[in-house]
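K.L.:
Residue-level listing of the chains:
2 protein chains.
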Amino acid sequence: MKEYAFGIDVGGTSVKIGLFKNDGTLVEKWSIPTHTENNGASILGDIAKAILAKMEEKKLTEADVEGVGIGLPGAVDAQGVIHKAVNLHWEDTFNVAERLSGLLNGLKVKAGNDANVAALGEAWVGSGKGYDSLVMVTLGTGVGGGVIVNGKIVEGATGAAGEIGHMHMNDDEEKQCNCGNHGCLEQYASATGIVNILEKELAASDENSVMRQKKHTAKDVWDAVEEGDALAIRVAEQFGSYLGKGLSIIADVINPEIFVIGGGVSLSGDVIMPFITKNFEKHVFHACRGTKFTRAILGNDGGIYGAAKLVL
Amino acid sequence: MKEYAFGIDVGGTSVKIGLFKNDGTLVEKWSIPTHTENNGASILGDIAKAILAKMEEKKLTEADVEGVGIGLPGAVDAQGVIHKAVNLHWEDTFNVAERLSGLLNGLKVKAGNDANVAALGEAWVGSGKGYDSLVMVTLGTGVGGGVIVNGKIVEGATGAAGEIGHMHMNDDEEKQCNCGNHGCLEQYASATGIVNILEKELAASDENSVMRQKKHTAKDVWDAVEEGDALAIRVAEQFGSYLGKGLSIIADVINPEIFVIGGGVSLSGDVIMPFITKNFEKHVFHACRGTKFTRAILGNDGGIYGAAKLVL
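Chains as they are written, first to last, in the working numbering: chain D, 36 to 347; chain Z, 36 to 347.
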């Protein structure tokens with residue numbers, strides 16, 4: 036194993052890049068803008084330039100660098116083929132790993148979906164460290180996920196494994212999810228979903244609540260829960276009911292050792308956890324009771340860690 | 036790789052045993068009774084005797100036999116430890132693989148859960164042959180499952196992966212599932228579940244239906260569906276709605292290449308498939324649409340095939 040690796044996390048506005056030692060030590064991280072114009076034609080070239088420049092600066096040759104891992108916002112299969120990436124304005128199906136490797140003089144490149152790669156990062160050096168099987172649940176604007184079994188990412192047949200935000204949870208939902216379906220988990224368990232539940236609760240009665248004075252954000256809901264606000268607690272119960280049920284189903288299917296909860300919503304702290312675990316324990320198969328839950332610790336860096344781990 | 040292996044499938048009334056060539060050819064199969072008295076104390080000894088006798092009869096030595104795989108009706112972890120097996124009257128937690136190996140003069144033994152092992156059998160030489168990732172769905176008295184990723188069984192942290200019959204599907208179910216929970220998938224998608232749905236439908240109205248003359252079995256329901264009976268079709272729609280939704284969730288999580296539908300209910304033939312796939316396609320994440328569905332072909336022999344594959 037060579038001494039260094041790069042981990043890349045490509046987002047719609049910026050590309051995060053990390054230079055790592057092979058033991059998981061982050062040597063340096065920086066970011067470059069994501070140029071989405073011209074269908075994002077220059078994105079991979081910009082990344083290659085940044086890496087080659089850093090190698091020159093640090094006097095690293097191919098003999099020092101094991102390879103480059105890259106996490107992308109789209110479905111990526113086990114061979115590194117991406118099928119469209121809306122946020123990057125990529126419309127084509129092509130092999131990202133091969134193309135980037137070509138721009139890097141043949142350096143080894145592996146590609147994965149960003150949520151899956153973040154899960155691998157938490158499993159490597161984050162709060163999932165030491166566990167062989169885990170499911171990462173990212174509660175942000177949407178709900179993302181990553182599934183690790185036997186220490187490896189489960190990509191799925193079309194790179195769509197871990198799309199837990201789109202598990203069907205409610206036959207009666209009238210609102211459409213961004214994916215086009217109705218009643219997806221992320222319609223209740225994301226930051227947006229929490230605000231949707233809140234607005235329904237506020238509209239349903241004149242009940243007094245601190246939420247009538249606060250901004251309608253997920254964070255404000257959790258603050259109100261901590262203040263003991265009854266309406267906010269009902270919102271949290273609904274959030275926890277959907278998410279706890281959804282994660283119980285995942286446990287029935289793959290029985291992971293631990294769930295790692297990340298994303299913006301998780302930053303509200305341990306207040307959110309009992310709402311999830313109570314409903315999880317209620318519905319899960321008895322042999323899966325007591326599955327561990329923890330919060331992610333790598334935050335936005337999970338992606339670059341996991342990407343580096345792809346090649347290490 | 037040595038030339039032969041044994042595959043064992045332990046049930047509550049009989050133990051099926053198969054002698055296989057390492058290419059998957061079944062040389063001979065037979066069965067012995069399962070002695071559950073005295074907490075099933077003699078089961079492993081009976082199996083060992085049967086194997087050693089067959090090796091003597093066939094003049095096979097340890098140099099000819101790669102090992103013995105065994106599928107058991109209980110949660111078995113990756114190390115071969117079983118945590119109780121109600122149907123065998125086993126109350127203890129112990130390492131089945133080690134104990135059976137000890138009775139076989141140190142021959143290699145691997146153990147797995149019977150539903151998982153049957154899935155491996157279908158993946159090896161059955162209708163899942165050639166697929167790297169599949170989910171087997173066994174629709175019998177209950178609903179069992181087995182998950183194969185990268186050609187290997189996913190056992191789960193406590194050996195409970197693939198317990199898809201106990202995915203929580205309905206908050207409003209009043210009847211308790213055998214597992215103690217309420218609203219599990221097998222309450223709607225098993226043979227028993229189909230009969231439960233039927234009886235609700237029959238009690239809800241005086242509507243004319245051939246089911247009022249037929250026996251109340253799942254098979255009779257499917258026969259009536261083929262005759263175009265409206266009430267039976269409504270029963271099938273409910274069955275398909277729960278099962279299609281459940282399998283769509285599994286696809287969102289692990290995105291298998293193919294679902295293999297087995298068990299007694301599947302013997303009613305292709306009439307059941309559209310009820311499942313229609314609902315699957317409606318709810319699954321778009322990148323998982325078009326996931327293949329097929330019926331199992333190994334029937335009751337899936338367990339011995341998969342067990343042999345554990346050691347091959």
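Mixed in with the good hints there might be a few duds.
Intra- or inter-copy, both count: the list cannot distinguish identical chains.
[Said to hold, decoys possible] Calculated pairs, SDA-like style, for lysine to any residue (alpha carbon to alpha carbon, straight line, at most 25 Å):
no., residue 1, residue 2
1, Lys94, Gly165
2, Lys210, Phe129
3, Lys164, Ala113
4, Lys313, Cys214
5, Lys93, Asp336
6, Lys164, Ala76
Honestly, the hints are just simulated from the structure, not real lab data.
Predicted model, so just to flag it, every value in this text is computed and none were measured.
K.L.:
Of all the hints numbered above, which does this structure not satisfy? Sort the numbers upward.
P.N.:
1, 2 and 6
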